[in-house]
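K.L.:
For reference, the chains in residue letters:
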Amino acid sequence: MNENLALTDEILLSVSKPERYIGNEVNSVTKNKDDVKIRFAFCFPDVYEIGMSHLGIQILYGMFNSYEDVWCERVYSPWMDMDAVMRKNNIPLFCLESQDPVKNFDFLAFTLQYELCYTNILQVLDLSGIPFLSKDRTDFSYPIVIGGGPCTYNPEPIADFFDIFYIGEGETQYRALFDLYEKAKESGTTKHDFLLEVAKIPGMYIPSFYDVAYKEDGTIESMTPKYDGVPSHISKEVVTNLDEAFYPTKPVVPFIKATQDRIVLEVMRGCIRGCRFCQAGQLYRPKREKSVEVLKKYALEMLKNTGYEEISLSSLSTSDYSQLPELLDFLLRECGSRHVNISLPSLRIDNFSLDVMSKVQDIKKSSLTFAAEAGTQRLRDVINKGVTVEDILRGSREAFEGGWNKVKFYFMLGHPTETDEDIAGIGEICNAVAAEYYATLPKEKRNGKSIDITASTSFFVPKPFTPFQWARMNTPEEFLTKAAKTKAGIRSQVNQRHIRYMWHEADASMLEGVFARGDRHLCDVILKAYQNGCVYDAWSEYFHYDIWLKTFEECGVNPDFYTVRERKDDEIFPWDILDCGVDKSFLLREWHTAQNGSVSPNCAQQCLGCGARKYGVGVCYDKKDPNAGKSCSGEAR
Amino acid sequence: MEKIRLKFTKNGPIRFIGHLDLMRYFQKCNRRAEINVKYSEGYSPHQIMSFAEPLSVGATSDGEYIDIQLDSPVDLNKMKDDLNSVMNEGVKITAIEHLDEHSQKAMTMVDAAEWILTFRNGKEPCKDWENMLMKYIDSDKLMAVKKSKKGEVEIDMKPFIYRFEIVDRDKLQGFSNKNYRYEDNSLSKDCKCIHMLISSGSRDHLKPGLIIENFYKSLGIEMPDFVYKIHRVDTYLSESDDKGTYEIPMIAESCEKIYIN
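Chains A and B, in that order, give the protein sequences.
Residue numbering for the first sequence follows the numbering used here, starting at 12 and increasing by one per position.
Residue numbering for the second sequence follows the numbering used here, starting at 29 and increasing by one per position.
So that you can see chain A by itself, here it is in the shape it has in the complex (with noise of 0.2 Å):
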C-alpha cells in the first residue's frame, strides 16, 4: 500500500470522486523504484471511470509490469474539478501508483482512442510541467512523449506534441524500445541519436524525423525522411500469435463503478465484415482468433483475480468467433455457478443467440439491437452492410416470439451517395418491425406490452484507411437537415407512437471530421484551441465550438478543406506514410465498387486481395466457404 498520496486530505474531500486519484486498487502494482530502470506512466487522456474501461491499457499495463526493469503506472485526465485545484496550487499531475510527479518518469505513453482527446493530451502535458512541443524537449530531462492507438494512423494533426508513434498492436516492439532506451541511458547519447536508432525498430515512427511538402492547393505533395536509416514508411505491427501473447489476467479492479465495469475477455482481433466506413475493420486485419482452450484458462482465472460480477466477450463481430458455441457453453456452466452474468455486445441475433441471451439476462430488461447503419438496400450496399430488411424481420419475429419487445437501432447519416429516400427508409424500417409486433403476437400473447422501438442516428465521419477516406463528409448544417428529416420521416409512420428518435451533435462530429483526416497545420490549432480553453472536447457539457471556429479563424485554417471536399483517386494522403496492412489500390477499389452500389465478399467467403495476407497469419489462410456468415442481421445486447 502507498500511504503518501500526492494531493491532502483537505484537496481530496473538496473534488468529486476522490478515489480517482488515490491508487491502490486492487492489483495495482507497486515496484520499488531504486529496483528499476524504467519509470513508464501510461495515460489515457480522458477520466478516470473511462479510462480504466480501456483493454489496451490492462495489457500493456500488465506487460510492462511483468518486466522487473519496468515500473508501469497510470495516470489519466483530472476532472475539471481537480484541474483547476492543481492549478491554482500547483501541484504537478502525478501518476496513481506512487504518487509521483508524471515530469520525473522515462516515458509518458497516450493512448489515443478517438480524436476528441487530443486537448486532453495537452492538459496532461500542461499539469505535468513538460513542453508542449517535441522540440522544446531536446534532451532527457523530460519523459518521452509515446503515442498508440487507433488514432496514430493518422497522427499528423499531433505530430508537434509526440516524439514517437508507436503504429499497430503494442505487445510486439516495446521490449526492444526499452533496451534500447537503457542503452541509450548508459552510454549517454543524446536523445537525437537514441530517436535515429528507435526509428529502426519495426513500427516507430518519430514525426519530427520527415519532411512535409505541400502543393499549392494545400494537399501533399511529399513526406520525406530527413535522414539516412529513416524509413520512407512504417507498418503497422501485428501480433501473429494471440494465443502466445501476453493477456492481463489480473487487471486493475477500480474502487468505483468504471464504465465498462466487468471481465473483458478479448476473443479475437480483426474483423472479416469489410463494413466500407469502418476503420477498425481495416486497421485490425487479418482476423486472428484465440483458442477455446486458451479462453476457458482466462476466463477462470479473471473470475478469481478480479470477483466481478459480469464478464464480457469482447471482439468486432463475436458471431463470427469460430468456437462461440463451445465458449458459452462453457461460461454458462461456469458463471451460473458464480453467480456471475454474461454480457454479450456484438452478437448476431439469431436462433442459437436468442436462445443464449434468453440463459444469460433477463428478456424482460434486455433489448436487441439492430446496427442496420443505413435505411435502404441500396445504401447498405454501398457501405457494404450485408444485412437485409428480411435478415432483420426475421430476427424480429424471433425475438418477439421469444419475448422481447425492446428493439434499438442504429443508424448513420451522412454516406456517400445518400439521398431522402435513404433517409426515409429509416423510418420505414422502425415502422415495419413494430408491425412485425403485431402481426407475431396476437392480442392475448401480449401480455399488455407493446413494442418499444428507438432509433438513434450518428453523423459519418470519413476515416482514415477505409474505403470512404476519399469521400466528402457532410457539414454541421447538412446533418441537421438530415437529422429532422429522419425525425419527420418516423413521425409519419402509422407506429411512430412506439418509435423512439434520439440523435447526436453535429457541431462535434464536425471537428472529429476535421482530426480524422488532418494534417499537421492543424497542431497549432489544437495548440492555440487549448490556451483558449477548450479541453475535454468529447464531453458535451465542456465542448465550446464557438471557440474552435474562433481559433480556426485566428490560425487561418479552413476546416471544411479536412471535411466537406471530396478527395481526388491520386491524391497523397497526410496518413500515407503509413502502412495499416491493407494496401491503398485495394480501398481505392472498393471506393469505386461503393460508388456502383455492389457490395463485396467478406474474408470468409473470398479474399479481395487487400494486402493484409502478407502478415502470414490468420482468415487469410483459412478455407473459404462462399456461403459463410450471410445471415448477417443484426446485434444482440
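Please note: incorrect hints may appear among the correct ones.
These stretches of chain A come out as covered by chain B in the derived footprint (C-beta under 8 Å, 3 or more residues) [what the hints assert, rightly or not]:
| hint | stretch |
| --- | --- |
| 1 | 15-22 |
| 2 | 28-34 |
| 3 | 316-326 |
| 4 | 462-474 |
Derived from the structure by calculation, the hints contain no laboratory data.
Just so it is clear, the structure is predicted and the values come from calculations on it, not from any experiment.
Where a beta carbon is used, it is the ideal one built from N, C-alpha and C, also for glycine.
For this one, chain A is given, so just place chain B on it according to the hints.
P.N.:
Here is chain B on its own, set in the frame of chain A:
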C-alpha cells in the same frame, strides 16, 4: 443458513472510498475468496449483507462491521484468512463471529460509537483549547441544532455523550477494549486526541463533529472546513444485565461493559 459478523478496519488511502463503493468492494472480495455467500432470490440476485453504520468519506476506522449470510457453515478462522488474502491492505478483517439465526441486522443494532478526533497541524481553535473544550463538555446542557432530512431540530447533546476525554496519543486506551492503541503514524506520540463514546445509530445519532462545531460556536468562532481528522475506534450495541444497561462493541472480544446511567 449461517449468519456471520465481521469486524474490519478502513485505513490508509482506502479512507476515501465511499460507502456504496465499499459495499461493491466487499462483494468482489467475497467472490475472489470464493466465500459461499447467500444470494437473494429473483432475476438479479445480490449478496445478502448489511453494514453496521456508514463511515463518512475521509474518516479512518478500526471498528467497522458487516453481517453476511452464507449458504452453509464455515470454519471462521479460514474464512477470515481467505478474505484477508484478497483484501487491499487498508481493509483488514480483525474479528469474526457466528450470529444467532434470529439476530437483527447489524444496522438496526448500532447504539453508540467510540471516536478519536485530532486537530490537523496548526488548525487548533486556540492556545488553551484542551481546557476550554473540557469546560464546555462539563456544562449542564449542550444545545445544538441537528440537521436531518425532516429539517432542523434543537437537541441537548449532553445525555448522548457517554465518555469524553482528551489524552496524548501514546497514552490512549480504548474505553471498552483496554488493549486498544491508536496507531496512526502520521500523528506524533503526544498529539492530543479527543476521545469519546457517544450515541450513534438510527435512534439518537450524534455526529462527533457536531460537538466540535458547537464548541467553536461557544468560543464565538465559525468552524473552518477540514480542521480535524476523524477515526472510529469501535461501534457499539446496547445490552442490559442485572446491573443495568451497558454499551459493548459489536464483537466483544476482551472488552469491558460500559454501563450508562
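K.L.:
Identify every previously stated hint that the structure contradicts and give their numbers, smallest first.
P.N.:
4
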